[in-house]
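Here the protein sequences line up with chains D and V, keeping their order.
The opening position of the first sequence corresponds to residue 1 in my numbering, with each subsequent residue numbered one higher.
The opening position of the second sequence corresponds to residue 1001 in my numbering, with each subsequent residue numbered one higher.
Among the clues, some could well be false.
Unchecked claim - Pulled from the structure, derived: some chain V residues nowhere near chain D, Cβ distances all over 10 Å:
1) A1006
2) I1010
3) S1029
4) L1034
5) L1097
6) V1197
7) L1198
8) G1237
9) Y1253
As the list claims (entries may be wrong) - So, partial list: chain V residues that the calculated Cβ filter (under 10 Å) puts toward chain D:
10) R1009
11) R1098
12) T1252
These are calculated hints, taken from the structure and not from any lab test.
On a predicted model such as this, the values are computed, not experimentally measured, just so you know.
The beta-carbon is built from N, C-alpha and C at its ideal position, and this holds for glycine as well.
Now for the letters of each chain:
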Amino acid sequence: MSGPAVVVEGLTKRFRVPRREAGLKAAFAALFRRDYTEVTAIRELSFAIEAGERVGFLGPNGAGKTTTLKILAGLLYPTAGTVRVSGYVPQTRHHGFLRSISLVMGQKRQLSWDLPAVDTFELNRVVFEIDTPTYKRRLGELVERLEIGEVMRQPVRTLSLGERMKCELAAALLHGPSILFLDEPTIGMDVAMQLSLREFIRTYNENHGATVILTSHYMEDVAALCPRIIVIDDGNLRFDGSIEALTRRIRPLRRVSVRAVDLPPSERLAQLGSVVDTGDGRLTLDVDPGRVPEVVSVLVQLPDCRDLEVSDAPLEEVMRELFSRSRADAGTASQPEGAA
Amino acid sequence: MRIIGAQLRISCLAALQYRVGFWSEGVLSLLWSLVGIVPLLVAVDHQGLVAGWGAWQLMVLSGWFLICSSIFGFFLEPSLIATMNHIRHGTLDYVLLRPADALLLCLVTDFAPWRATEFVLGVGLVCLSLWKIGHVPSLGEITTSFVVGASGVVALYAIGVLMLCISFRAIRLQNLAVLLESILNFGRWPVHVFQGVLKAIFMYAIPLAIMTTYPAQALLGTLEVATLLAAMGTALGLAVVARVGWRLSLRTYASASS
């Protein structure tokens, strides 16, 4: 395949959804006359993703992330705009396209609830027409990497969330997709399981050159996995680039923290930068990037100075600020003329 | 066929997963089939002509009804209910992501293997009734019966698909599958007993005539060629409408919230 793996131009998706007031009276009334409202989930979204990239989709709840993934996977039809994935228009459901992608959703399952996962693997082998030697090789590889040798033989309903998600991933990867859509794959998992899945996804991307498009509410997932992020809010594209570039734009100050026995007085600290925290013997400052060397040289001279760190602001804070700015901009724009 | 086979295997495995459920379903299915036949066998001694059909001719029809009901209960009804649930919960996503015809995948989503008992009883009842009548069907009559029966199955599936199409817009309609099963019970009687609108409905809209009456007539050697051709045309027409309806409905699939 030549060219980008994913090309999206002017993508718009609107849903018509029923609405009613609370209560029995409204429920009865809705039996005869139902009100509908049109919700715009995505507004003229455009981006391209190269083959082999790992891209994080970020945005608050209802931003349009999952809708975008479902359109890319061919499940939903766009209201306007064009989408091409692996060179195909997803909505045609060309078998070549369906063999080249996989969608894993943390809150839905494809595994048969009452049967061991290995039975669903076998079903996928037949449906995806995977020849037996390839199937055995891939399954062996996935079993080893995901450590599911035992759990895949137990009924799915008896598995923990993390074990089930590992089996879901195995089921999704048996046909060797070159594009992997992951929608909240680590939701509800403990930290150890999150780290394990994260590492697996990274390895899969590196070993197979697969394009990975990930949505997650856990910023650590995105920060650890995705060199590039696409931020959407209320269906609009807010940012497309690296986390560093986003941080520079939204929170350009560097975060400097240090532990010391005796911290300088607050007047002196205010001269160094903006104080974020001074609790528990730890000083955290937001510092202008040009002044970082100077501030560091002051801090290293503090008595019993240790654990000096210079970093960007956490991605959560950057995102919070980006979204609050977006809301403020939208609020200003939607103010009727003459309003205060 | 490989997809149907693989899905059938999964359904059998699911049925075998719970021992108590497996045996109780089997016993219930057998009892249900017998309960449907026994009153007919009792009534056969007291029944006169019904719309020109003698008692054992009606038994041939009942046999075909059991075969048709078995195909509905074994193959179509479980898949309809499963797919309607998939549409409601948004898990149709995973069905649509598989590289095969989406409609085929939906129509083989689930099976109820124990309903095969009705098929066996139906074939048995047809054979017993033909023996009682003293009619040995010719090869042509058997072939015609299969052809018109197959048309009936196509019509049955087409109606099922149209119900699925409705469920894309009205998402809590699992009762439609139960309603269809209830309507199928009219197929126990020859279509000739119905008059007016009801007869037209059972000949063209929900063509029970093609599913039970005509195959039985074919075996008894009383089906006219024109009726056979009309039956095939009706089934084909319904299949085309169902296919177009499916394609349009798929565009309205909204999935469910993540």
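*Would the hint on T1252 of chain V stand, with a C-beta cut-off of 10 Å toward chain D?*
With a closest approach of 8 Å, the T1252 of chain V hint holds.
*For A1006 of chain V, which was marked as not at the interface, is the minimum beta-carbon distance to chain D over 10 Å?*
Violated: least Cβ distance 4 Å, not greater than 10 Å.
*Evaluate the condition: distance from the CB of L1097 of chain V to the nearest CB of chain D exceeds 10 Å.*
Since the minimum Cβ distance to chain D is about 6 Å, L1097 of chain V lies within 10 Å and the statement is violated.
*Far enough from chain D: is every CB of that chain over 10 Å from the CB of V1197 of chain V?*
27 Å, holds
*Could you check that no beta carbon of chain D comes within 10 Å of the beta carbon of G1237 of chain V?*
For G1237 of chain V, whose nearest Cβ neighbour in chain D is about 26 Å away, the distance exceeds 10 Å, so it holds.
*Beyond 10 Å from every chain D Cβ: check whether that's true for Y1253 of chain V.*
7 Å, violated
*Looking at S1029 of chain V again, its CB stays over 10 Å from all of chain D?*
Given that every Cβ of chain D is farther than 10 Å from that of S1029 of chain V, nearest at about 19 Å, it holds.
*asked:* Quick check on R1009 of chain V please, does its C-beta sit within 10 Å of some C-beta on chain D?
replied: 8 Å, holds
*Is the shortest C-beta separation between R1098 of chain V and chain D less than 10 Å?*
Since the shortest Cβ distance to chain D is 5 Å, the answer is holds.
*Beyond 10 Å from every chain D Cβ - status for L1198 of chain V*: Consistent with the label, L1198 of chain V stays out of reach of chain D, its closest Cβ about 28 Å off (over 10 Å).
_Non-interface label on I1010 of chain V, tested against every C-beta of chain D at 10 Å_ = 6 Å, violated
*Decide, holds or violated, for the assertion that all CB atoms of chain D are farther than 10 Å from the CB of L1034 of chain V.*
29 Å, holds
The structure fails to meet hints 1, 2, 5, 9 from the earlier list, while all remaining hints are met.
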